[in-house]
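Please work from the sequences and hints to get the whole structure.
Protein chains: 2
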Amino acid sequence: MKSSLTIGQTAKKAGVNIQTLRYYEGRGLLLANARTEAGYRLYSEESVQRLRFIKHAQELGFSLSEIERLLKLRVKRPNQCEKIRKEVEARLKVVKDKILSLRSIEKTLENLRRACQTRKISSDCPILKSLDNAKTKGESQ
Amino acid sequence: MKSSLTIGQTAKKAGVNIQTLRYYEGRGLLLANARTEAGYRLYSEESVQRLRFIKHAQELGFSLSEIERLLKLRVKRPNQCEKIRKEVEARLKVVKDKILSLRSIEKTLENLRRACQTRKISSDCPILKSLDNAKTKGESQ
DNA sequence: CTTGACTCGATATCTAGGTATAGGGTTTAT
DNA sequence: ATAAACCCTATACCTAGATATCGAGTCAAG
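As you go down the protein sequences, you meet chains A and B in turn.
For reference, each letter of the first sequence is one residue, going 0 to 140 in numbering that gives the first Met the number 0.
For reference, each letter of the second sequence is one residue, going 0 to 140 in numbering that gives the first Met the number 0.
Don't read these hints as lab results, they were simulated from the structure.
No experiment lies behind these values; they were computed from the predicted model shown.
Warning: the hint list may mix true and false statements.
Pairs involving identical chains hold if they fit within one copy or between any two copies, as the list cannot separate such chains.
[What the hints assert, rightly or not] Quick list of in silico lysine-lysine cross-link-like pairs, DSSO-like style, CA-CA up to 30 Å:
| hint | residue 1 | residue 2 |
| --- | --- | --- |
| 1 | Lys71 | Lys82 |
| 2 | Lys12 | Lys71 |
| 3 | Lys71 | Lys11 |
| 4 | Lys82 | Lys95 |
| 5 | Lys71 | Lys85 |
| 6 | Lys11 | Lys92 |
| 7 | Lys11 | Lys54 |
| 8 | Lys128 | Lys11 |
| 9 | Lys128 | Lys95 |
| 10 | Lys128 | Lys92 |
| 11 | Lys54 | Lys71 |
| 12 | Lys75 | Lys119 |
| 13 | Lys119 | Lys95 |
| 14 | Lys12 | Lys106 |
| 15 | Lys128 | Lys12 |
| 16 | Lys95 | Lys54 |
| 17 | Lys119 | Lys54 |
| 18 | Lys54 | Lys12 |
| 19 | Lys54 | Lys75 |
| 20 | Lys71 | Lys95 |
| 21 | Lys54 | Lys92 |
| 22 | Lys95 | Lys85 |
Written out as structure tokens, the structure is:
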């Protein structure tokens with residue numbers, strides 16, 4: 000017996016708004032599993048999981064289109080393995096870069112915490128240096 | 000001799016739009032160091048660094064107000080150490096949580112990459128499970 | 001068999017974070 | 001001394017990602 004949730008139950012479980020589900024459906028990000036006779040959307044537990052993934056990923060700085068790409072990743076047929084592997088590789092790079100940046104901020108904050116404990120004054124902004132491996136999109140002076 | 004950059008030079012160096020600088024000034028996120036007689040904004044190298052930090056932090060899912068909090072963190076007077084330490088602790092938790100989530104996604108992607116190489120079919124969506132330690136924020140409307 | 005909670009689609013509105021434009025002054029290189 | 005390339009303020013507009021509202025159909029409980 001597979002669970003069938005109404006849109007309201009699903010939204011509540013995932014902690015999102017009902018219209019958000021309809022909005023995601025419009026974007027093709029989360030489709031209902033089925034509809035009742037009357038046209039009511041029906042969802043499953045996996046829909047809830049999917050919703051939570053989306054919300055979580057947004058907090059990590061992924062846009063809805065990036066999240067779509069992440070959610071599409073799976074090996075359906077062996078012959079498209081190479082294509083998928085390339086895509087996985089690309090997503091992986093983005094994720095690893097984010098982790099590196101965050102670890103750099105983390106280290107700075109930990110230093111700052113230590114400075115607090117030893118009551119050492121830091122008049123300049125310590126966190127500024129943390130991400131200064133910038134991409135330098137522009138050029139030199 | 001400290002460098003003085005015009006708004007255009009600053010924007011170019013940081014790879015952002017000129018109006019973005021004016022917008023940030025309005026938000027109190029990045030003030031010009033000074034103004035010329037004619038009212039032209041003047042920036043320093045540190046402004047460029049600050050801009051890059053902002054842009055980078057946005058990609059990690061921080062909002063401008065969160066970024067403001069991060070940039071305000073410094074020990075100005077020893078008597079407010081405890082207050083700052085608490086704030087650092089809070090920011091640190093957010094950062095560490097993000098790292099954990101990303102590491103979980105990273106692991107899933109690495110598994111998927113391995114599955115690709117061994118041509119193992121995965122009909123369901125493997126990435127879904129990665130963040131299933133959800134927070135269940137509560138309810139909707 | 002009705003009433004209140006729920007759902008539908010369609011459309012309008014909102015917030016965050018910019019980006020563009022208009023009308024006018026300033027600097028710089030020719 | 002004039003045109004190109006800046007800069008100024010103010011205001012309008014834009015995109016992403018939701019939320020709210022409207023008028024109407026549906027369902028469950030008394």
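* To do: First find the shortest C-alpha distance between Lys54 and Lys75 inside one copy, then the shortest across copies, and answer within, between, both or neither for a cut-off of 30 Å.
  => within (25 Å within a copy, 37 Å between copies)
* **Intra/inter-copy verdict for Lys11 and Lys54 if alpha-carbon distance must be at most 30 Å** => Within one copy only: 13 Å inside, 34 Å across.
* **Lys12 and Lys106: within-copy, between-copy, both or neither at 30 Å Cα** => Between copies, since 26 Å is at most 30 Å while 36 Å is not.
* When no copy is named, should Lys71 and Lys82 be tagged within, between, both, or neither for a Cα gap of at most 30 Å? -> within (12 Å within a copy, 45 Å between copies)
* Within, between, both or neither: Lys119, Lys95 at alpha-carbon 30 Å -> between (33 Å within a copy, 24 Å between copies)
* Asked: When no copy is specified for Lys11 and Lys92, does a C-alpha distance of 30 Å or less occur within a copy, between copies, both, or neither?
  -> Between. Shortest inter-copy distance 26 Å satisfies the 30 Å Cα cut-off; intra-copy 34 Å does not.
* **Alpha-carbon proximity context of Lys54 and Lys71, limit 30 Å** => Intra 16 Å, inter 27 Å, cutoff 30 Å: intra and inter.
* **Intra- versus inter-subunit Cα pairing at 30 Å for Lys119 with Lys54** => between (39 Å within a copy, 29 Å between copies)
* What label fits Lys54 with Lys92 when the C-alpha limit is 30 Å: within, between, both, or neither? -> The answer is both: 21 Å in one copy and 18 Å across copies each meet 30 Å.
* To do: Could you place Lys71 and Lys85 in one of the four classes (within, between, both, neither) given a Cα distance threshold of 30 Å?
  => within (13 Å within a copy, 41 Å between copies)
* Given identical chains, is Lys128 near Lys95, meaning Cα to Cα at most 30 Å, within a copy, between copies, both, or neither? -> both (20 Å within a copy, 19 Å between copies)
* **Up to 30 Å CA-CA - Lys54 versus Lys95, copy category** => Intra 20 Å, inter 18 Å, cutoff 30 Å: intra and inter.
Every hint, counting from the list given before, is met by this structure.
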